[in-house]
Each structure stands twice: as structure tokens, then as C-alpha cells.
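With the hints as constraints, model all of the structure from the sequences given.
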Amino acid sequence: MDDNTNSAEQLPKAIGRFQVVSALGFGAMGAVYKAFDPLIKRTLAIKTIRLDIPRSSPQYKSFIDRFHHEARISGTLSHPNIVTLFDIGEEGGVPLLAMERVDGKTIGAILEEGTRFKPEKGIALVSQVAAALDYAHSRGVVHRDIKPSNLIVHETDKVKVTDFGIAKLADSE
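Just so you know, this note's numbering puts 177 at position 168 of the sequence shown, and the rest follows in order with no gaps.
Think of the hints as simulated: they come from the structure by calculation, not from any bench.
We put the CB at the ideal spot given by N, CA and C, even for glycine.
Misleading hints may appear alongside valid ones.
Said to hold, decoys possible - For each label pair, taking beta carbons as the anchor points, the in silico distance ranges come out as: (1) K50 x L178: 33 to 39 Å; (2) P157 x G98: 26 to 32 Å; (3) P89 x V30: 20 to 26 Å; (4) I175 x S87: 17 to 23 Å; (5) T85 x G36: 19 to 25 Å; (6) I73 x R125: 37 to 43 Å; (7) G101 x P47: 16 to 22 Å; (8) L120 x K50: 30 to 36 Å; (9) L20 x F126: 28 to 34 Å; (10) E99 x P157: 30 to 36 Å; (11) K130 x S71: 34 to 40 Å; (12) R75 x G149: 14 to 20 Å; (13) A179 x P128: 31 to 37 Å.
Here it is as C-alpha cells:
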């Protein structure tokens, strides 16, 4: 990162060549930013690992391992209901994932606003999540963290599954 920060209070101006537009979310492991790639002229999401954890700590190593694991798994999946991973890299010693930017809200955020889905829409959204998981399972991937905050609704009636950070390959330990 060009700025040595990854907190909600201070937004980096850029991460490598990617121009940071805004923060999309912060979690236990890292941060996700909306960013613009001037090279290919598109907006995408950049996921980075937290910078406030000492690099020599077991927690940092665990986060790095999980981060690379997510990249390896996500990179094998290509489905209309799964967020696409474009690239993995490192800038200034900070690993990053460049992913498809989905313009929408998580189901978690929608529910927190008090919105309730009509049964038909709920069934349609769940069917798309099931299709994504069926595809992932056919590729030997088990997500293991399906929850409202990992499901993004866009174009009012479409959903994308995100965050394969703790996914498991069926043939691995």
C-alpha cells in the first residue's frame, strides 16, 4: 500500500496501481476497498490483509495462509453467482486480491435496514446461491461460511456469493 494504513479512519489513496475510491468493508482479517484500475479502466474490489497485526505473530501467518488459500480456491471458480477473482499480488509487502466489484448490498445489510423479502424473491435468491454452491461443490470446493454478509444482491434480483476465505477443498485435510 502506498499509505501505511488499513483502518476505517484513514483511507489509502492507492494500493499499487489501483486508485482507492472508498472502503467497502472491514473484517477480522482485512479490508475491502472499491478501487479503479487505470490500466484497464475498470472499477473493482481490492481485498487486503490487516496491517495492524505484527508480521512475526502467529495470527499474521494464519491470516496470510488463509488469504492465499482464498485466492487459490476462488481462482478455480467461474460462475455467474460467484464473485470473480481477477488477480492476486503484493504491494509494499501487503498481499492483495483484485476481484470483481459487485454494485449492490449484502443480504445482511438489507435485513439490517428492516427489509424483508417476499417469498418469491427469497426463493429466487436462495436458488441462485444453491446454484453457486452446487457449482463450487462440483469443483470440490465447500464454502463453509455462507451467511447474509457473504451474499451480495445486485440488479435487485441477482445474488453473488463472496468470501471463500475458509472454504475447503473436498480432497484436502
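Results of checking the hints against the structure:
In this structure, K50 and L178 meet the distance hint of 33 to 39 Å, their C-beta atoms being roughly 35 Å apart. The hinted window of 26 to 32 Å between P157 and G98 holds, with their beta carbons roughly 30 Å apart. Against the hinted window of 20 to 26 Å, the Cβ-Cβ separation of P89 and V30 comes to about 25 Å, which satisfies the hint. Range check, I175 to S87: about 20 Å between beta-carbon atoms, so the 17 to 23 Å window is met.
Take T85 and G36: their Cβ atoms lie about 23 Å apart, and the range 19 to 25 Å holds. Separated by about 40 Å at the C-beta atoms, I73 and R125 satisfy the suggested range of 37 to 43 Å. At about 18 Å, the CB distance of G101 to P47 agrees with the hint of 16 to 22 Å. Roughly 35 Å separates the CB atoms of L120 and K50, a value that falls within the hinted 30 to 36 Å.
For the pair L20 and F126, the supplied restraint of 28 to 34 Å holds, since their beta-carbon distance comes to about 33 Å. Range check, E99 to P157: Cβ separation about 31 Å, and the 30 to 36 Å hint holds. Distance hint for K130 and S71: a CB-CB separation of about 38 Å, consistent with the stated range 34 to 40 Å. Distance hint for R75 and G149: a CB-CB separation of about 18 Å, consistent with the stated range 14 to 20 Å.
As the Cβ distance of A179 to P128 is approximately 33 Å, the hint placing it in 31 to 37 Å holds.
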